[in-house]
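Colleague: Sequence:
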Amino acid sequence: MKEGRAMHSNVELFLRALRQHFRVDQLVVNKEVLSLYSYDSSHYFGQPAAVFFPESTQDVATFFILAAKFKVETLPRGAGTNLSGGTVPQRGEVVLCLTRMRHILAIDWEREYAIVQPGVTNLELQRAVEARGYMFAPDPASMNVATIGGNVAENAGGMRCVKYGVTRDHVLGLELVTPEGKILCLGKLAQLDGGYAINSWVNDANLVDLIVGSEGTLGVVTQIMVKLVRKPVACKTLLCSFNDLRQAGEAVSEIIKAGIVPTAMEIIDQKLTHAIDDFVGLGLPRDTRALLLIELDGWEEEDLNAQVNRVMLILRANEVTRVDVATDSKEREQIWLARRSVNGALGRIKPYYVVQDVTVPRHKVAAMIKKVEEIGQKHGVTIGLLAHAGDGNLHPHLLYSDREREMPQVEAAAEEIFKAAVELGGTLSGEHGIGMEKRPYLKLVFKPAELEFLKAIKEAFDPSWLLNLEKAI
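For the sequence shown, the UniProt record's numbering gives the first residue as 1, with consecutive numbering after it.
Mixed in with the good hints there might be a few duds.
Simulated pairs of lysine to any residue, SDA-like, Cα-Cα distance not exceeding 20 Å [said to hold, decoys possible]:
hint, residue 1, residue 2
1, K370, K419
2, K227, G259
3, K163, G259
Derived CB-CB ranges, DEER-like [claimed, not checked]:
hint, residue 1, residue 2, range
4, E470, D402, 25 to 31 Å
5, R23, K455, 36 to 42 Å
6, R405, S464, 40 to 46 Å
7, D169, A456, 25 to 31 Å
8, R16, H274, 52 to 58 Å
9, V233, S401, 21 to 27 Å
10, L123, E470, 27 to 33 Å
11, K370, E411, 17 to 23 Å
12, K370, L13, 43 to 49 Å
13, L27, D278, 18 to 24 Å
14, A317, G425, 37 to 43 Å
No lab work stands behind these hints, which were simulated from the structure alone.
If you're wondering where the values come from, they're calculated on a predicted model, not measured in any experiment.
Just so it is clear, CB atoms sit at the ideal spot from N, CA and C, and this is done for glycine as well.
Just need the whole structure built from these sequences, with the hints factored in.
Modeller: Okay, here's the thing in structure tokens:
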């Protein structure tokens with residue numbers, strides 16, 4: 001009880017210090033407004049003590065220096081699209097919301113990179129570069145609102161990752177503020193001579209790789225140097241129907257085995273297909289048990305057509321029942337609108353869901369689909385299945401109507417899905433992160449000594465253990 005009173009007192013002193021350093025509109029303590037920061041896109045909730053909105057790297061550094069002085073726990077946050085509870089307060093933390101740091105600081109067309117602040121959305125960056133024939137390759141389903149800072153924190157992937165990789169493959173450098181308020185410049189950003197306000201230079205790409213995907217537990221990224229990729233001029237998009245979900249998974253494995261690398265391969269089951277069609281009215285095939293969306297891109301139309309012909313042979317060998325090929329950009333956009341509408345459409349089935357993120361070797365996708373179906377039947381849980389099948393990343397959506405009554409079955413099914421993925425040589429998360437949701441299951445993939453090593457890394461960056469606790473490790 002004394003500890004709780006002391007913590008509350010420390011928070012009050014911390015907030016008083018913030019008011020002395022920053023404008024009144026940068027700090028929110030109003031309970032009604034705070035409720036907007038009590039959740040993310042997962043099913044977790046928790047009330048923050050306050051929310052602070054930095055507008056510069058130095059704001060973040062000052063915030064952390066004061067938090068360390070008063071020993072106040074903090075929690076970084078972007079747009080709140082996190083699906084594993086990684087940005088939900090659990091300990092009365094002060095939230096550091098980075099959405100006001102949303103400037104594109106530089107674009108170098110010759111050297112093909114951009115430098116952005118963490119609050120820039122994925123879509124804003126895409127729009128800034130597409131007119132010159134470029135793209136930022138990671139394209140998570142939430143790209144319209146998800147921030148680049150959030151993409152970095154979770155090592156986001158998206159539909160194109162089968163060919164172009166995940167966020168880590170496209171980050172060249174970072175500016176990082178540690179929980180003690182030190183400003184570090186990592187990777188290629190350290191080689192630039194652009195007057196950045198940094199007091200340490202670290203030219204080590206391995207540290208960049210460490211920070212990407214660390215879920216805001218080691219520090220807060222305030223500038224990101226990302227690679228820009230030239231967008232291929234030719235593209236073919238196929239919408240394929242199957243009578244069996246596992247057969248779609250087998251087709252994916254055969255395409256990869258043939259040495260074909262599509263831009264994307266997405267599986268959508270019948271439950272989700274019906275929900276999407278009811279939601280956006282695209283006229284999707286409703287009698288099919290599984291849809292497989294395939295996109296191929298390239299620079300030569302002739303080569304691309306040859307790839308499509310090879311894919312068609314594999315699809316027929318795997319009992320595809322129908323293949324629709326987009327004839328123009330409008331039809332292509334409609335196919336991808338279907339895929340990006342999944343989360344919005346789920347309410348057509350049930351009001352609540354928990355989405356998982358397990359990943360298995362690509363040749364085990366069909367086996368994992370079978371496991372998910374069996375687990376749903378065993379626990380009486382409705383599961384809608386979506387998959388970035390090209391890289392073995394499955395998103396089972398566990399759907400329910402009554403949180404109190406049905407959550408025990410949902411959690412039991414979720415645990416079995418985690419275990420099944422690991423037994424098939426996979427892992428707990430492909431792109432959504434560990435957060436709170438998967439933290440209890442880390443022992444399935446890490447030995448005790450490995451978990452201790454992860455804690456040692458955390459302590460090296462955050463010796464006072466004040467940043468985003470009880471998440472990821």
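Colleague: Now, for every hint given, state plainly whether the structure supports it.
Modeller: Evaluated hints:
1. K370 <-> K419: Answer holds: K370 to K419 is near 14 Å, not above 20 Å.
2. K227 <-> G259: 26 Å, violated
3. K163 <-> G259: 12 Å, holds
4. E470 <-> D402: 25 to 31 Å: For E470 and D402 the Cβ distance comes to about 27 Å; the hint holds.
5. R23 <-> K455: 36 to 42 Å: 37 Å, holds
6. R405 <-> S464: 40 to 46 Å: Once the Cβ atoms are compared, 41 Å apart, the range 40 to 46 Å for S464 and R405 holds.
7. D169 <-> A456: 25 to 31 Å: 26 Å, holds
8. R16 <-> H274: 52 to 58 Å: Holds, since R16 and H274 (Cβ atoms, about 55 Å apart) stay within the stated range.
9. V233 <-> S401: 21 to 27 Å: For S401 against V233, whose Cβ atoms are near 47 Å apart, the range 21 to 27 Å is violated.
10. L123 <-> E470: 27 to 33 Å: This hint holds: roughly 31 Å between Cβ atoms.
11. K370 <-> E411: 17 to 23 Å: Given about 22 Å between the Cβ atoms, the range holds.
12. K370 <-> L13: 43 to 49 Å: 57 Å, violated
13. L27 <-> D278: 18 to 24 Å: The hinted range 18 to 24 Å is violated for L27 and D278, with Cβ atoms some 43 Å apart.
14. A317 <-> G425: 37 to 43 Å: 25 Å, violated
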